[in-house]
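Novice: Take a look at the letters that make up each chain.
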Amino acid sequence: MNITNIKKQFPIFNNKVQNNDLVYLDSANSSQKPQVVVDRIYDFYTKEFSNVGRSVHYLAVAATNLYENTRVLVQKYINAKDPNEIVFTKGATEAINLVANTFGQKFLEEGDEILLTELEHHSNYVPWHYLRKSKGVKIKFAEFNSDGEVTLESIEKNITPKTKIIAITHLSNVTGAILPIKEITRLAHSKNIPVLVDGCQGAPHLKLDMQDVGCDFYAISCHKMYGPTGLGILYAKKKWLEVLPPYQGGGGMIREVKKEGITFGELPNKYEAGTMATAQVIAFGESIKFLNKIGIENIEKHENELTKYGEEILRKNNSVKLIGSPKNKGSVLSFTLDGVHAHDIATILDEDGVAIRAGHHCCQILHDKLGLSATARASLGVYNTKDDLDKLNESLNKCKKIFEG
Amino acid sequence: MDLKDLYQEIILDHGKNPRNLKKSDNFNKDAKGHNPLCGDKVHIYLKVDENNKISDIAFEGSGCAISMASASIMTDLMKEKKEIEVKELVDDFLEMIKQNPELKSKILGENEKTKLMSLSGVKKYPMRVKCATMAWHTLTAAMKNTNEETNTDKFE
Ligand SMILES: Cc1ncc(COP(=O)(O)O)c(C=O)c1O
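Keeping their order, the protein sequence lines are chains A and B. For what it's worth, the numbering used here labels the leading residue of the first sequence as 1, then goes sequentially. For what it's worth, the numbering used here labels the leading residue of the second sequence as 1, then goes sequentially.
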């Protein structure tokens, strides 16, 4: 795998950012976009634009085909059984809201329990929180251990006869822990509990096989996967999409609309009300092709090497404390620096063109438990190199110098 | 942009060793501030006497060097100030951070002004302005003794 060639495909790196070469270490927040994705959006709007699924003219039919092609590309990419198990949403956040809302409406009653983990992003907690009020459900949190991992045992301990759904992250966006989602799903299914996986951080970095994992729902954020913003994916087993009620109402998702009543359309239209993010869906097809061309196994290997290297140099830096040391870890390096607040780190690093994230990364439950109000986070993508991590370390030493005087 | 403007000696000193950082138990007014974006928190305690003068001021909180230094410098300056002076100083500071090149108020001495102007470096860092202003908005709330948490999302 030739990183120089891969990096060249990302136009953002051609330009200086405030006179610096960009060292982009914020891919867990959102990844940069390869030229093919940017071009696809431009080409669609300039040569092929039309709304999908409505008109019979040439452009409309062609656009509909392009849109549906991406659905099939995604289906194959994650090895889902059926393209109708792929629902486009505005983001992973909407995908999780869709499940929380419709599953909650149909299956949850007062006293039922939802099991999450302490690692969850607010996107996989807040949507479930609404059900506390509307349905009187209880939310439980499986604990993470001192390495920042949530184990199968920790999940098992928290399952009760009242547990109705388990919603867990695939890969923690703070500690980097990769959860044993297949084993958790097997355990949950043995007790007839469905499983939702927040795959925002898993999908861009790990090989996915929905039929092998067996989970019921898997939420994907396309903008973290070298794709456009405004787009997410909900993978859901057909049996669920068939029995759950529609989420939003509007055009495109109906069969027949009468004054007396309405019948709803078939999958996948049932969950795609209104005009969708057409250009983004079509362009996301290029993101999948981009990933396929490099091979997700190669990306995984590259990012694993970088993560190990990053851990190594940061461990050597005595002032840095890494957050979590999971055995099975994705390409996220969260840390604190003695005597320097995360926001000061981010500002100082930015001056060198090193873009990281500082704050609670939408994981306040996790930060509260660690007694930290903020951490700094460097996260990796396919375009990163050891050089980027060296620059990170250099800039961290500069922070120390400024603060130590 | 120059980091030296942002992280001046005075800021680093106050950031690392904030003055008046303690829980005051002898207070009659207080307010809490919070920046939801970064999780920074501040709790300001005031003892305001019968002449509407701040006879004691302290704060508790955690946050970046800018927010801690700002609260530290502010609490130092506000001791023995009357309510109308407090208002004038807060307005003057916020205007300076927003647009004015200098502080206008005649209440402060040159030394005090220099100290306060050390925070002017944040002007070039729009994402950090709220770090500098949180304590000041919270002080205004404390003078009114509102129980509502001051949230930086509500600032201009
Ligand atoms: C773990 C996790 N879950 C959910 C989200 C939200 O995803 P989206 O931006 O697609 O709504 C994010 C991204 O911020 C995330 O990192």
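For the record, the hints were derived by calculation from the structure and aren't laboratory data. Certain hints may be false.
Stated by the list, open to error - Straight-line Cα separation of at most 30 angstroms, BS3-like style, residue types lysine-lysine; simulated pairs:
{"id": "1", "chain 1": "A", "residue 1": "Lys133", "chain 2": "B", "residue 2": "Lys32"}
{"id": "2", "chain 1": "A", "residue 1": "Lys386", "chain 2": "A", "residue 2": "Lys16"}
{"id": "3", "chain 1": "B", "residue 1": "Lys4", "chain 2": "A", "residue 2": "Lys369"}
{"id": "4", "chain 1": "A", "residue 1": "Lys16", "chain 2": "A", "residue 2": "Lys140"}
{"id": "5", "chain 1": "B", "residue 1": "Lys22", "chain 2": "A", "residue 2": "Lys321"}
{"id": "6", "chain 1": "A", "residue 1": "Lys369", "chain 2": "A", "residue 2": "Lys140"}
{"id": "7", "chain 1": "B", "residue 1": "Lys4", "chain 2": "A", "residue 2": "Lys321"}
Novice: Does each hint hold? Answer for all of them.
Specialist: How the hints compare with the structure:
1. A:Lys133 with B:Lys32: holds, 27 angstroms
2. A:Lys386 with A:Lys16: holds, 20 angstroms
3. B:Lys4 with A:Lys369: violated, 35 angstroms
4. A:Lys16 with A:Lys140: violated, 47 angstroms
5. B:Lys22 with A:Lys321: holds, 27 angstroms
6. A:Lys369 with A:Lys140: holds, 15 angstroms
7. B:Lys4 with A:Lys321: With a Cα-Cα distance of about 26 angstroms, the restraint between Lys4 of chain B and Lys321 of chain A holds, given a limit of 30 angstroms.
The earlier numbered hints that this structure contradicts are 3, 4.
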